[in-house]
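**Q** As a plain string of letters, each chain reads:
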Amino acid sequence: DSGVTQTPKHLITATGQRVTLRCSPRSGDLSVYWYQQSLDQGLQFLIQYYNGEERAKGNILERFSAQQFPDLHSELNLSSLELGDSALYFCASSALGVAGGAKTQYFGPGTRLLVL
Amino acid sequence: AQKITQTQPGMFVQEKEAVTLDCTYDTSDPSYGLFWYKQPSSGEMIFLIYQGSYDQQNATEGRYSLNFQKARKSANLVISASQLGDSAMYFCAMREDFNNDMRFGAGTRLTVKP
Chain S
1 DSGVTQTPKH LITATGQRVT LRCSPRSGDL SVYWYQQSLD QGLQFLIQYY
51 NGEERAKGNI LERFSAQQFP DLHSELNLSS LELGDSALYF CASSALGVAG
101 GAKTQYFGPG TRLLVL
Chain W
1 AQKITQTQPG MFVQEKEAVT LDCTYDTSDP SYGLFWYKQP SSGEMIFLIY
51 QGSYDQQNAT EGRYSLNFQK ARKSANLVIS ASQLGDSAMY FCAMREDFNN
101 DMRFGAGTRL TVKP
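Here the protein sequences line up with chains S and W, keeping their order. In this text, residue positions in the first sequence follow the working numbering: the first is 1, and each later residue adds one. In this text, residue positions in the second sequence follow the working numbering: the first is 1, and each later residue adds one.
Chain S with its partners taken away, still in its complex shape (with noise of 0.2 Å):
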């Protein structure tokens, strides 16, 4: 267990609809990066918070936001979802390291959304 959680496990939903998606970083983690993993795209790094500010930005799509709150879990919200939107979601947390980097990211199981 890695102290990273994600809800929900599995999410099943229609072309053009929202979803929210939830992590919960490990504590004391003040990091928190959002992951899509798609058989086609492989992983992409998506979008980085640190402390409640944006801090890096992936292949992060229009379509979709993140936010990181004071208590400092955050949410990945996707809408006008589409077919290829189906993917396994991962949230990762860490400690910034000396260099201003993490030397490790702890990732969440995944919330695996369906697009139908």
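What the hints contain is simulated information worked out from the structure, not anything from laboratory work. Being a predicted model, the structure only gives us computed values, none of them experimental. Note that the Cβ used here is the ideal one computed from N, Cα and C, for glycine as well. Hints are supplied without guarantee of correctness; some may be wrong.
[Said to hold, decoys possible] Sample of chain W residues with no beta-carbon within 10 Å of chain S, all distances over it, derived: (1) 24; (2) 26; (3) 44; (4) 63; (5) 67; (6) 74; (7) 104; (8) 113.
[Stated by the list, open to error] Some chain W residues near chain S, calculated using beta-carbon distances under 8 Å: (9) 12; (10) 25; (11) 33; (12) 43; (13) 45; (14) 47; (15) 52; (16) 100; (17) 101; (18) 102; (19) 103; (20) 106.
Given the coordinates of chain S, assemble chain W onto it according to the supplied hints.
**A** Just chain W, lined up with the frame of chain S:
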């Protein structure tokens, strides 16, 4: 541009033997971190080992070691004394410190034979 390359889609190793999983990367950032993760069939991502670009020594964590060759931009994972439970997908990843962007390779599927 592809930043992380794992050239071995699949690898087989006999139980108790050592295996090396290849990873090469491309960056112009002098400060970066290299990671290896294991993903069993259950789907979770398990952090294995980290190597910083300024680290002088190769990282080791139990049976895992990272063969870091900076000039060649390679960060191969060595698993010693393979166990059946090591059968999984293995991902190499790099984070460039200037933008915190994290990139993953396509992965290598390791199968340990009894």
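**Q** Broken hints, numbered, in rising order?
**A** 3, 7, 9, 10
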